[in-house]
Amino acid sequence: MIDPAQTSTEELQLLKQHYDKGVGTIGHRAHAILLSASGNSPYAISQVLFRSEKTIRSWIGLWQVKRLASLFSEHHDNDHASKLTKPQREEITRILRSPPSVSGIPKEFWDVSSLRQYVVARFGVVYESPQSYHFLFRISNFSFKVPATFDLRRNDHAAHQRLVEIRKLIAPLLTDAAWVVLAGDESRITWEAVVRRVWLPKGKPSVLRVHRESDAQNFVGFLNLTTGKPLLYPVPWQNQREIIKVLKLVLKKYPEKRICLVWDNARFHKGKLIRKALENKLSNYFLINFPPYAPDTNPQEHIWKWGKDQIANHQFSTLKDLSRVFRKAIMGRNYSYQI
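In this text, residue positions in the sequence shown follow this note's numbering: the first is 10, and each later residue adds one.
Please note: incorrect hints may appear among the correct ones.
Computed beta-carbon distance windows for the label pairs [claimed, not checked]:
#, residue 1, residue 2, range
1, Val334, Leu183, 26 to 34 Å
2, Phe325, Glu288, 41 to 49 Å
3, Phe325, Pro139, 27 to 35 Å
4, Lys238, Thr158, 27 to 35 Å
5, Lys92, Ala167, 47 to 55 Å
6, Pro139, Ser223, 26 to 34 Å
7, Ala180, Phe144, 51 to 59 Å
8, Ala180, Ser122, 47 to 55 Å
9, Ser326, Thr236, 34 to 42 Å
10, Arg98, Phe295, 57 to 65 Å
11, Met340, Gln170, 51 to 59 Å
12, Phe277, Thr158, 22 to 30 Å
13, Ala225, Gly280, 21 to 29 Å
14, Pro245, Arg276, 24 to 32 Å
No more than 25 Å apart at the CA atoms, straight line, and that leaves these computed lysine-lysine pairs for BS3-like [what the hints assert, rightly or not]:
#, residue 1, residue 2
15, Lys279, Lys257
16, Lys266, Lys238
17, Lys314, Lys281
18, Lys261, Lys337
19, Lys279, Lys261
20, Lys290, Lys317
21, Lys317, Lys337
22, Lys25, Lys177
23, Lys285, Lys317
24, Lys290, Lys266
25, Lys154, Lys238
26, Lys337, Lys262
27, Lys266, Lys177
28, Lys257, Lys238
29, Lys337, Lys238
30, Lys317, Lys329
31, Lys290, Lys262
32, Lys285, Lys266
Because the hints were derived from the structure by calculation, they are not lab data.
Note that the Cβ used here is the ideal one computed from N, Cα and C, for glycine as well.
Build the full structure now, drawing on both the sequences and the hints.
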């Protein structure tokens with residue numbers, strides 16, 4: 010008997026599809042597995058399906074080893090059944106245009122596992138190598154990359170309305186010589202020791218003793234929305250005291266001017282120390298908050314991404330070297346990003 014706890018919801022769903030639509034023994038095998046997962050004995054199943062108890066036991070045994078592929082075991086030695094025809098590949102290309110959930114697979118994005126399930130369920134074809142499924146993705150115009158994320162707390166309509174408000178607020182300031190309009194944000198880069206591959210003799214253990222350590226550098230950055238020039242300040246921590254120090258440095262950068270700073274809703278942007286400083290030494294600041302959970306609306310976020318892309322896939326011997334290259338990349342150009 011099959012333990013239902015070891016049968017996933019996805020497998021049960023596909024088994025039911027094969028039971029309803031399966032051709033020949035495929036539907037019978039699926040029916041047998043479903044009955045077994047429901048607690049029926051091989052003998053009871055054999056009476057329902059008019060098969061020998063020995064056959065039912067062999068189907069259950071194959072399922073426990075090969076799972077869904079066991080439904081199509083009679084095709085395993087058939088070379089023609091192991092390949093998809095051109096019309097089948099074209100059908101897969103059409104299917105991949107919709108999420109897996111449309112095809113009965115409860116997932117949001119296609120991956121090798123979900124494509125394998127669909128191919129075996131629809132065509133009875135099982136590929137041994139993942140590269141075969143990679144090929145199906147490639148001919149369907151897919152690329153392998155990290156999907157963009159969306160914060161479920163974000164309200165797109167409210168974010169858009171807030172951006173409209175911000176643009177109205179800063180529009181007259183961008184052309185006023187008495188004002189400087191900045192977009193600001195914090196970020197950090199991390200350095201850690203990396204062990205690379207080297208040629209080592211076979212059969213002999215080779216151990217490299219290392220200090221498994223990591224270190225990080227925090228930054229506060231600003232973009233002048235009129236000139237496109239960036240500002241970058243290293244800080245030991247991202248907290249109110251350090252932010253206040255940086256805001257004082259920015260004031261020195263723009264003496265005799267009022268500063269409109271647009272930044273996010275981080276807690277240390279609204280704390281007691283910040284509010285007190287704004288009433289005294291930072292009174293020249295006018296603060297505006299970006300919409301919540303919408304980092305893509307902040308031009309400084311795009312600068313961070315560009316800078317981190319410049320140091321990606323490069324190894325640095327120290328955090329100091331990493332920080333130096335990062336700062337040089339950020340400060341080495343102007344930016345056209347706008348709110």
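Checked hints:
no., hint, in the structure
1, Val334 <-> Leu183: 26 to 34 Å, "holds, 32 Å"
2, Phe325 <-> Glu288: 41 to 49 Å, "holds, 42 Å"
3, Phe325 <-> Pro139: 27 to 35 Å, "holds, 33 Å"
4, Lys238 <-> Thr158: 27 to 35 Å, "holds, 30 Å"
5, Lys92 <-> Ala167: 47 to 55 Å, "holds, 52 Å"
6, Pro139 <-> Ser223: 26 to 34 Å, "holds, 32 Å"
7, Ala180 <-> Phe144: 51 to 59 Å, "holds, 52 Å"
8, Ala180 <-> Ser122: 47 to 55 Å, "holds, 51 Å"
9, Ser326 <-> Thr236: 34 to 42 Å, "holds, 35 Å"
10, Arg98 <-> Phe295: 57 to 65 Å, "holds, 60 Å"
11, Met340 <-> Gln170: 51 to 59 Å, "violated, 34 Å"
12, Phe277 <-> Thr158: 22 to 30 Å, "holds, 23 Å"
13, Ala225 <-> Gly280: 21 to 29 Å, "holds, 22 Å"
14, Pro245 <-> Arg276: 24 to 32 Å, "violated, 18 Å"
15, Lys279 <-> Lys257, "holds, 16 Å"
16, Lys266 <-> Lys238, "holds, 17 Å"
17, Lys314 <-> Lys281, "violated, 31 Å"
18, Lys261 <-> Lys337, "holds, 22 Å"
19, Lys279 <-> Lys261, "holds, 22 Å"
20, Lys290 <-> Lys317, "violated, 33 Å"
21, Lys317 <-> Lys337, "holds, 11 Å"
22, Lys25 <-> Lys177, "violated, 57 Å"
23, Lys285 <-> Lys317, "violated, 34 Å"
24, Lys290 <-> Lys266, "holds, 14 Å"
25, Lys154 <-> Lys238, "violated, 32 Å"
26, Lys337 <-> Lys262, "holds, 19 Å"
27, Lys266 <-> Lys177, "holds, 20 Å"
28, Lys257 <-> Lys238, "holds, 18 Å"
29, Lys337 <-> Lys238, "holds, 13 Å"
30, Lys317 <-> Lys329, "holds, 15 Å"
31, Lys290 <-> Lys262, "holds, 15 Å"
32, Lys285 <-> Lys266, "holds, 20 Å"
Comparing the model with each earlier hint shows violations of hints 11, 14, 17, 20, 22, 23, 25; every other hint is respected.
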